[in-house]
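Novice: Residue-level listing of the chains:
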Amino acid sequence: MMKKFTKPGLYLLLLGLAVAFPWLKFIGVDKYQIRIMTLAMAWAIAALSLNLILGYTGQASLAQGAFMGIGAYSFGILAQRAGLNFWLALPLACLITAFIGLLVGLPSLRTKGPYFAIVTLCFNVIVFKVFENWTWLSGGIQGQVVPQPAFLVQRWARYYFVLGCLVLVLVVMHFIVKSLLGVTLMSIRSNENLAEAVGINTFRNKLLSFVVSCFIVGLAGSLLAIENGQLDFTITSYLYSFYILIYVLIGGAATLAGPVVGAIGLYWLLDYMKKVGIKGVEEFRYLIFGLILILVVIYLPRGVVGGTKQFWEWAKTRFKKKKTGEVLE
Amino acid sequence: MSFFLNQLVIGVQIGSQYVMVALGLTLIFGILDISHFAHGHLYMIGAYLLYIVMVLGGINYWLALIICMAVLAVAGVVVERTVYRPLRGTPQINTFIAAIGLILMLETLVRGIQPKALSVPKPIDTTLRFAGITMEAQRLIVIVGAIVLIVLLQLFIKRTRLGTAIEAVAQDREGASLVGINVNRISALTFAIATSLAAAAAVLMAPLAFISPEMGSMLILKAFVIVVIGGLGSIKGAIVGGYLLGILEAMAIAYISSAYKDVFAFAVLILILAIRPTGLFRGRE
Numbered sequence: 001m002m003k004k005f006t007k008p009g010l011y012l013l014l015l016g017l018a019v020a021f022p023w024l025k026f027i028g029v030d031k032y033q034i035r036i037m038t039l040a041m042a043w044a045i046a047a048l049s050l051n052l053i054l055g056y057t058g059q060a061s062l063a064q065g066a067f068m069g070i071g072a073y074s075f076g077i078l079a080q081r082a083g084l085n086f087w088l089a090l091p092l093a094c095l096i097t098a099f100i101g102l103l104v105g106l107p108s109l110r111t112k113g114p115y116f117a118i119v120t121l122c123f124n125v126i127v128f129k130v131f132e133n134w135t136w137l138s139g140g141i142q143g144q145v146v147p148q149p150a151f152l153v154q155r156w157a158r159y160y161f162v163l164g165c166l167v168l169v170l171v172v173m174h175f176i177v178k179s180l181l182g183v184t185l186m187s188i189r190s191n192e193n194l195a196e197a198v199g200i201n202t203f204r205n206k207l208l209s210f211v212v213s214c215f216i217v218g219l220a221g222s223l224l225a226i227e228n229g230q231l232d233f234t235i236t237s238y239l240y241s242f243y244i245l246i247y248v249l250i251g252g253a254a255t256l257a258g259p260v261v262g263a264i265g266l267y268w269l270l271d272y273m274k275k276v277g278i279k280g281v282e283e284f285r286y287l288i289f290g291l292i293l294i295l296v297v298i299y300l301p302r303g304v305v306g307g308t309k310q311f312w313e314w315a316k317t318r319f320k321k322k323k324t325g326e327v328l329e
Numbered sequence: 001m002s003f004f005l006n007q008l009v010i011g012v013q014i015g016s017q018y019v020m021v022a023l024g025l026t027l028i029f030g031i032l033d034i035s036h037f038a039h040g041h042l043y044m045i046g047a048y049l050l051y052i053v054m055v056l057g058g059i060n061y062w063l064a065l066i067i068c069m070a071v072l073a074v075a076g077v078v079v080e081r082t083v084y085r086p087l088r089g090t091p092q093i094n095t096f097i098a099a100i101g102l103i104l105m106l107e108t109l110v111r112g113i114q115p116k117a118l119s120v121p122k123p124i125d126t127t128l129r130f131a132g133i134t135m136e137a138q139r140l141i142v143i144v145g146a147i148v149l150i151v152l153l154q155l156f157i158k159r160t161r162l163g164t165a166i167e168a169v170a171q172d173r174e175g176a177s178l179v180g181i182n183v184n185r186i187s188a189l190t191f192a193i194a195t196s197l198a199a200a201a202a203v204l205m206a207p208l209a210f211i212s213p214e215m216g217s218m219l220i221l222k223a224f225v226i227v228v229i230g231g232l233g234s235i236k237g238a239i240v241g242g243y244l245l246g247i248l249e250a251m252a253i254a255y256i257s258s259a260y261k262d263v264f265a266f267a268v269l270i271l272i273l274a275i276r277p278t279g280l281f282r283g284r285e
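Protein sequence lines, in the order shown, are assigned to chains P and U. Going by the numbering used here, the first residue of the first sequence is number 1, and it counts up by one from there. Going by the numbering used here, the first residue of the second sequence is number 1, and it counts up by one from there.
To be clear, the hints were calculated from the coordinates, so they are not data collected in a lab. Since this is a predicted model, take the numbers as computed values, not measurements. Any given hint could turn out to be false.
[Stated by the list, open to error] Computed list of lysine-lysine pairs in DSBU-like fashion (alpha-carbon distance at most 35 Å, straight line):
1) 7(P) <-> 236(U)
2) 7(P) <-> 309(P)
3) 116(U) <-> 274(P)
4) 320(P) <-> 178(P)
5) 31(P) <-> 7(P)
6) 309(P) <-> 320(P)
7) 320(P) <-> 129(P)
8) 261(U) <-> 129(P)
9) 25(P) <-> 275(P)
10) 31(P) <-> 316(P)
11) 320(P) <-> 274(P)
12) 316(P) <-> 178(P)
13) 129(P) <-> 7(P)
14) 112(P) <-> 236(U)
15) 275(P) <-> 236(U)
16) 275(P) <-> 320(P)
17) 129(P) <-> 116(U)
18) 316(P) <-> 25(P)
19) 25(P) <-> 7(P)
20) 25(P) <-> 309(P)
21) 236(U) <-> 261(U)
22) 112(P) <-> 116(U)
23) 309(P) <-> 178(P)
24) 112(P) <-> 31(P)
25) 122(U) <-> 112(P)
26) 129(P) <-> 158(U)
27) 129(P) <-> 112(P)
[Claimed, not checked] Ranges between beta-carbon positions, derived for each pair:
28) 218(U) <-> 172(P): 53 to 63 Å
29) 154(U) <-> 193(P): 58 to 68 Å
30) 190(P) <-> 81(U): 48 to 58 Å
31) 19(P) <-> 185(U): 33 to 43 Å
32) 172(U) <-> 164(P): 23 to 33 Å
33) 119(U) <-> 239(P): 23 to 33 Å
34) 271(U) <-> 172(P): 45 to 55 Å
35) 168(P) <-> 167(U): 29 to 39 Å
36) 167(U) <-> 81(P): 55 to 65 Å
37) 255(U) <-> 140(P): 54 to 64 Å
38) 114(U) <-> 140(P): 40 to 50 Å
Cβ atoms here follow ideal geometry from the backbone N, Cα and C, with glycine treated the same way.
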């Protein structure tokens, strides 16, 4: 009863905080912080996309960075060079990403476990090398200019647009996870052979999950491109695949909130370490970041959100047991 | 023809480096189920250690080789104890995250201390000419050194009790611990062997190229490709795959394009796995 009431309440509170964020000047929210938050939310969308294929379907795709870059470049090229309308270019960019995801998924999803991770990683390196060397496509070192439509010129407008996209993606994920498709995907995650045996077409479902995940990460890439106003080939780097993976696992895989918490939290943390201004920290911040990764993965293997949930359940059962125990005695 | 032969020698030399790194990785990844992505960065540490011992410390190259292998063997054991052992029994992806953490730490540390690329002098600075082949002596040292190490590793695994124990753990971890093999000790030993092999590769290769903090990143990706093509945990597969990839790459640089040289390895892997989803050789499932 209590839980039913508190959960939506918590979500509404967080949403309210996110909406109010750009106006919180009195606690020191400035232009720069709004920008960081906008970028962090775009990364959160990317993390959610990986959560679908990794967290719920159990297939560790290490090509999310490549697909994010493909989405970003598709949008940039469609909007700038082809001069397409924003509302046409954005969905088209996501669709192109999803289509390339389909082409990649067809051969690579035949492999399982670590093989799949390596195959997708290899695809990412190929995409990176192609964007690095094919300057017509990527614009070389100057990169590709990304136009901002008139209604997104304002910083706060971009903030709310990305926030809206994040909420939309979260809602879509919620419905996927609660639907029959979500259950099917999770059954593939827990035991692929068994799922196959009870008549689930595992390959088709994995492919569907992969393609949807590519669509979403294409959106994340486009949003990043819009916020930055320009792009270069480094956005396709496999390092970003690693970072997205880190956001998901540190936040908590297979939870809806985990990837969002992981992405926004870690993005802030890294930026904070950059800003602290102590010379040593600026140079060595990835040293601390690496250490945090190792410690979290050892001591909180289910991520921050998963760990908190586990602790909450543990506390609740312990509390209840005591209570019922007293009654019984 | 002599151009082709020269490229072939370069290919075998690149392949020797790949084999030494991939052998260690196939032991760790295939046998212990750890996606040890930091293996390439331990290789990088080996190269920097060589710089410290040989250039700054003024010690002879061959003695430095042994020192580097020994120190890195210890480093491998330390990594296994502190980072990977607490993660045993958790999903493999967790070891992957820990490895990325380790990569970030090692690379940032080295770059923070010495951001510039360094070079190491060649121990024997001559050029050999034989039957139309022209090559630096160091290339021959890499090729011969790799063969010696491969043979030693094979002898160790096939002929000694400890080596047989490694093979036993590879085949069946629970079974091995049931018959009294200390799996923890074997795990540490595997790391020691693998990391000292990587150090040997780094020391042999260092005089031929610059050493830089990110030198291990592309190498480890290729080593993973080799391990997967060769079949997880298959030593034979790693050797064949490593030499094949080296030769393929040298030929691709010579006859197709050097800008895309790194793409071939990964394209070949995708092609092979699309046709045979579990690799060319029968590895462990």
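Novice: Each hint: holds or not?
Specialist: Tested hints:
1. A threshold of 35 Å between alpha carbons decides the hint, and for residue 7(P) with residue 236(U) the separation of about 56 Å lies outside it, so the pair is violated.
2. A hinted pair counts as satisfied when its Cα atoms are at most 35 Å apart, and residue 7(P) with residue 309(P) qualifies at roughly 13 Å.
3. A hinted pair counts as satisfied when its Cα atoms are at most 35 Å apart, and residue 116(U) with residue 274(P) qualifies at roughly 22 Å.
4. A threshold of 35 Å between alpha carbons decides the hint, and for residue 320(P) with residue 178(P) the separation of about 28 Å falls inside it, so the pair holds.
5. For a cut-off of 35 Å, the pair hint linking residue 31(P) to residue 7(P) stands: about 31 Å separates their Cα positions.
6. For a cut-off of 35 Å, the pair hint linking residue 309(P) to residue 320(P) stands: about 16 Å separates their Cα positions.
7. A distance of roughly 57 Å separates the Cα atoms of residue 320(P) and residue 129(P); the hinted pair therefore is violated under the 35 Å criterion.
8. Restraint check: the Cα-Cα separation between residue 261(U) and residue 129(P) comes to about 9 Å, which is no more than 35 Å; the hinted pair holds.
9. For the hint pairing residue 25(P) with residue 275(P), the CA-to-CA distance comes to about 19 Å; that is within 35 Å, so the pair holds.
10. Restraint check: the Cα-Cα separation between residue 31(P) and residue 316(P) comes to about 42 Å, which exceeds 35 Å; the hinted pair is violated.
11. Between the alpha carbons of residue 320(P) and residue 274(P) the distance comes to roughly 45 Å, so the proposed pair goes past 35 Å and is violated.
12. The hinted pair formed by residue 316(P) and residue 178(P) meets the criterion: a straight-line CA distance of about 24 Å does not exceed 35 Å.
13. Using a Cα cut-off of 35 Å, the hinted pair residue 129(P) and residue 7(P) is violated, with the two alpha carbons roughly 46 Å apart.
14. For a cut-off of 35 Å, the pair hint linking residue 112(P) to residue 236(U) stands: about 22 Å separates their Cα positions.
15. Taken as a hint, the residue 275(P) and residue 236(U) pair is broken in the structure, with Cα atoms around 50 Å apart against an allowance of 35 Å.
16. Among the hinted pairs, residue 275(P) with residue 320(P) is inconsistent with the structure: their alpha-carbon atoms are about 45 Å apart, more than 35 Å.
17. In summary, the hint linking residue 129(P) to residue 116(U) is supported, as the alpha carbons are separated by about 24 Å, within the 35 Å threshold.
18. About 38 Å separates the Cα atoms of residue 316(P) and residue 25(P), which puts this hinted pair outside 35 Å; it is violated.
19. For the given pair, residue 25(P) sits about 28 Å from residue 7(P) by alpha-carbon distance, which is consistent with the 35 Å threshold.
20. Between the alpha carbons of residue 25(P) and residue 309(P) the distance comes to roughly 33 Å, so the proposed pair stays at or under 35 Å and holds.
21. Restraint check for residue 236(U) and residue 261(U): the C-alpha separation of about 25 Å stays at or below 35 Å, so the hint holds.
22. With a C-alpha separation of about 40 Å, the suggested pair residue 112(P) and residue 116(U) falls outside the 35 Å cut-off, and the hint is violated.
23. The suggested pairing of residue 309(P) with residue 178(P) holds, with an alpha-carbon distance near 19 Å, which does not exceed 35 Å.
24. Of the supplied pair hints, the one linking residue 112(P) and residue 31(P) is violated, its CA atoms being roughly 45 Å apart against a limit of 35 Å.
25. Proximity of residue 122(U) to residue 112(P) is assessed by CA-CA distance (about 44 Å); at most 35 Å being required, the pair is judged violated.
26. Between residue 129(P) and residue 158(U) the CA atoms are separated by roughly 41 Å; this puts the pair beyond 35 Å, and the hint is violated.
27. At most 35 Å may separate the alpha-carbon atoms for a hinted pair to count; residue 129(P) and residue 112(P) meet this at roughly 25 Å.
28. The given range of 53 to 63 Å is broken by residue 218(U) and residue 172(P), whose C-beta atoms sit roughly 37 Å from each other.
29. For residue 154(U) and residue 193(P), the Cβ-Cβ distance of about 36 Å falls outside the hinted range of 58 to 68 Å, so the restraint is violated.
30. Separation of residue 190(P) from residue 81(U) is about 32 Å and departs from the stated range, judged on CB atoms against 48 to 58 Å.
31. A beta carbon spacing of about 58 Å between residue 19(P) and residue 185(U) contradicts the range 33 to 43 Å that was offered as a hint.
32. Taking 23 to 33 Å as the suggested C-beta distance range, the pair residue 172(U) and residue 164(P) does not conform, at roughly 54 Å.
33. For residue 119(U) and residue 239(P), the Cβ-Cβ distance of about 26 Å falls inside the hinted range of 23 to 33 Å, so the restraint holds.
34. With their beta carbons about 35 Å apart, residue 271(U) and residue 172(P) fall outside the hinted range of 45 to 55 Å.
35. With their beta carbons about 54 Å apart, residue 168(P) and residue 167(U) fall outside the hinted range of 29 to 39 Å.
36. A hinted range of 55 to 65 Å for the beta carbons of residue 167(U) and residue 81(P) is consistent with their spacing of about 58 Å.
37. For residue 255(U) paired with residue 140(P), a C-beta distance near 26 Å fails the hint of 54 to 64 Å.
38. Judged by the Cβ atoms, the range 40 to 50 Å given for residue 114(U) and residue 140(P) is violated: they are separated by roughly 30 Å.
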